[in-house]
Amino acid sequence: MRLQAVDVKLGYGDRIIVDGLDLGIEAGTVTTIIGPNGCGKSTLLRALGRLLKPSGGEVLLDGKRIDRMPTKEVAKVLGVLPQAPTAPEGLTVADLVARGRHPHQTWYRQWSSDDESAVSEALSMTGLLDLGERPLDELSGGQRQRAWISMALAQGTDLLLLDEPTTFLDLAHQVEVLELVRRLHGELGRTVVMVLHDLNLAARYADRLVAMRGGEVIAAGTPAEVLTESLLSEVFDLDAKVIEDPVAGTPLVVPIGVRH
Amino acid sequence: MTVARPPSAGGVRTVRRRRLLVLTALFATLAAAVALSIAVGAKPISPADVWHGLTDPSGTENDIVIQSLRLPRTAIGIMAGIALGVAGALMQGHTRNPLADPGLLGVTQGAAFAMVLSILVLGVTGLYGYIWFGLAGALIASVGVFALGMVGGRGGPTPVTLALAGTAVSAFLYALTSTMVLMDEQAMDVFRFWQSGSIAARGSEIAWQVLPFIAAGLVLALVNAPALNALSLGEDVARALGQNVTLTRTVGVAAITLLSGASVAACGALSFLGLMVPHLARPLSGPDHRWLLPYSGLLGACALLLADVVGRVVARPGELEVGVVLAMLGAPFFIALVRRRKPIRL
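Keeping their order, the protein sequence lines are chains A and B.
Counting in UniProt numbering, the first sequence runs from 1 upward without gaps.
Counting in UniProt numbering, the second sequence runs from 1 upward without gaps.
Chain B extracted, bound-state conformation (with noise of 0.2 Å):
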């Protein structure tokens, strides 16, 4: 008889640092990123220039770009990209389908019918304005849905009443919200760029006021991450294991709430992003998600900040909005994901 050999501790000591390396990894991409959203725009500026207008801004025109447009379109790109990549890494998980975005929970319809009414029936002009409604009206609608996928369930809503809910939640405000934009020629100019998504022309302002959400979020998707990989295995397995399923499920809608609600409020219908980037972190991390959470919101950052910047410079002079890169980048990669030859299984 052999003596039993821990088999693992090597194992995971190489699963360990690997996992260490991705990380640092994607922090470059991330800081690479950062670097062209700020140094390459519309108006061409040279390296020295936009160091000069980073380190010591003397209020000429090149510093002016940098200080009041480039640097809070980056932080914005970096919180909404961060927060779309963990919501739909949050989303796919609880729900165990791959197909799932943060959108199904009804914020971007929500969002848009807030925005729409506050324009129509309070007047409400400006950017700041409609963003505090945007945020208003996404998370009232999750709470909403999520009520709805309670009503008839046993112990808190399931992964299909609440999609359920979420798909007839979107798809009556998305009828309400129509209706009001036809009537009004100002609505439907604001929810026609809101709808294609965009990280331009928003003020550090905007940066500020959706920083609390965003972070009360991430932290409760980490503290959710050990919970989400027990519920992995299936209700009965989680339940077997100690786990409050319903108390899970409602931390999870909570954070998906709240960052999918803020991103969305901000920059407009970007969910794509969300569907998209945990299949880039999973073949990374593997089905742990408290490496699959921070894989996917590195990753949901670069994504955001690249297509940015791209966007920035096809279609030079003017601008191609973020939403409309990524969806025309993103839809040939997804395109390669479902012909891919086993199906996800999560």
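Only chain A is shown next, with the shape it has when bound in the complex (with noise of 0.2 Å):
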């Protein structure tokens, strides 16, 4: 396990969101989780991320707790990156990927040849080589997201966890950000782990399925062991038909509506 949340305790204050939750995460897979709005999963993502410390329980890191690692050793293994983010006015794509860096930098050593090629890397994986100069404020939503991605890419950790990266992008650009994290995963052997709202882009771009509801999960397993219509109607109150996706065989929610 690379990463694994033991009987983890989560909230806000006094308000508890998940309470006594067990997950892990194996090496090299693409795991997303789905559930209702105020299920916990992106909770759950940020306190995998260290971002929120867990009144009870551990995450454990390979193995070491996370919260007793220092913050800046974690972020050379571990990369988050939260839900719609934003950037100070006139920020161009080539600055923001190098902010990435900033775990691999000392305040007296401040760029390297390892920086320097890190972020090109970065940007001829997410396509943004010739728009490296461009402010961010001038790209599409879907530039704009990859060029997320990209400082999180620059980071080097092969861990990384999104939350929804597909948030406010039209279907074109949502396709075109999960066919990125798949090559992540694919070409570069990265360890994924993400929040979708999307069932059926969720069913196809994953290795493994964990469904939230109410702090707890539910099901956990492949799409096809997971995406099932009793599970639907457990976890979303939903009635659907699911089918076999004629492009990639995965499960594809078809919901029924009361009009139909």
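Treat the hints with care, as some may be off.
Unchecked claim - Residues from chain B that face chain A, not an exhaustive set, calculated with beta carbons under 8 Å:
1. Ala171
2. Ala175
3. Arg239
To be verified - Estimated spans, in silico, between C-beta atoms of each pair:
4. B:Gly129 / A:Lys76: 47 to 55 Å
5. B:Thr250 / A:His197: 55 to 63 Å
6. A:Arg134 / B:Ile335: 54 to 62 Å
7. B:Ala147 / A:Asp14: 20 to 28 Å
8. B:Glu205 / A:Arg109: 36 to 44 Å
9. A:Ala84 / B:Gly129: 52 to 60 Å
10. B:Val219 / A:Asp237: 54 to 62 Å
None of these hints come from the bench; they were simulated from the model.
Backbone N, C-alpha and C define an ideal beta-carbon position, used for all residues, glycine too.
Once you've looked at the hints, go ahead and assemble the two chains, each given alone in its own frame, into the complex.
Have a look at this one:
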């Protein structure tokens, strides 16, 4: 297990969202967490990425307690991209991606050739080489999200946590971003954990699905194991038919509304 | 498939050259401002006499004006200008608020309160005495604001709790100061002049007094710059990049307190400078704090010295206090800024 939540209790202040949850992430997999709004999936991801300290239980990174490791050392192994991040005005794509090198820099050594090559590799992986000098504000939503993913890539971590990387994107750009995630896994062997809302895309792009409701894991396994009609009803209160995706062969969810 | 070329190597080099060029230009402007500040004053002195007063003072009236008035005044102007420029850029960076100024931490009202209290209760007279009390008041007030900002928060103060605490503490101290000033004529007199902000009539002792505080503040500010770059992407991203956010904020607040506390104690309420200067520096530096902070410092010193020179010549034979000139020139600039079509996002 690369990353493991052991009996974690999570919340903000007095509000408990997750109480006693266990989850393990295996190396070299793409895991997607799904669940209705407010089920605690983003909270869980924040805890896995040590952005939120559990009030009980522990998160283990490679078997060691993540909150006892120096945060800068964690940042060399584990990258986290929060939901809808914002950048200061006028920041260029190359500058943003360069800031991903932060954990590898010290105040007396700000820039090295390693940094240089990590930044160009990240830019070429996401197809943004030609846009390096463009301000982030001038990009399309899909390009901007790719720029943020480049920043996380330049960090050079083999574990990557992405919180709703496709929010606010149209379908074409959602596919574009998820194809990129798949390539990170296929070509670079990265372990990815992400939160997604679209069940069909989740089924298509994940090795493993984790379905949550009310702060608990209801089911975990391959998309075919998890995305069943009974589970959709249990987790989302949704009546739906599950058929085979004609393109990928993964489960495809077709909701049944009142009108049909 | 084309071979990936390093995209930014050339770009980085041109950007770097441009930044060094701007830095050189700023130093040149500062040198010119320093020359003006030494050469121009209420009392006209010929360039030859200025040179004589600088290089070989022999005790003539002009030499004394140069040595004991204009040189310390210029030195204090440079220090306070750098300090307020850097503190303003730090403040706006930490709060991600383009309207933040260093006074937001309560330093200005803290200094005013302590100065007036020292006059009223301890009977302190003379500028040197006030300044120590002003400095202490500024430091205590901002530590109090920082502590208040932490109450109820998890993992250190946030920009919002800091701004709220700073506003509340400032209002409270201002009420106390106003009450004391109404009771005592001498305190009123000191307060009046202090409030408009001036770098005149401060001997070199005062420059030496505030120098260590400003130097320490500048060191902390430089250490803070890379961390502030990470923080400007949001707290979560900064944490994900391995930055200790609470430590970054604490160092930042300490730097702002030392820089603005020292300059406010020595020169009075000039915090408008800290609000304005980062907006001048940002178009030159971009959003990288490693360049924004030095640019803001140099521009702050230039702006303060030039405004002071203007104040000496417009009301001859009298003088207009530099705080007044800065506000008069700065207010139109600021209106233009807020009327810019695209709002600034930090």
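Each hint tested on the structure:
{"no.": "1", "hint": "Ala171", "in the structure": "28 Å, violated"}
{"no.": "2", "hint": "Ala175", "in the structure": "33 Å, violated"}
{"no.": "3", "hint": "Arg239", "in the structure": "5 Å, holds"}
{"no.": "4", "hint": "B:Gly129 / A:Lys76: 47 to 55 Å", "in the structure": "53 Å, holds"}
{"no.": "5", "hint": "B:Thr250 / A:His197: 55 to 63 Å", "in the structure": "38 Å, violated"}
{"no.": "6", "hint": "A:Arg134 / B:Ile335: 54 to 62 Å", "in the structure": "31 Å, violated"}
{"no.": "7", "hint": "B:Ala147 / A:Asp14: 20 to 28 Å", "in the structure": "23 Å, holds"}
{"no.": "8", "hint": "B:Glu205 / A:Arg109: 36 to 44 Å", "in the structure": "40 Å, holds"}
{"no.": "9", "hint": "A:Ala84 / B:Gly129: 52 to 60 Å", "in the structure": "53 Å, holds"}
{"no.": "10", "hint": "B:Val219 / A:Asp237: 54 to 62 Å", "in the structure": "59 Å, holds"}
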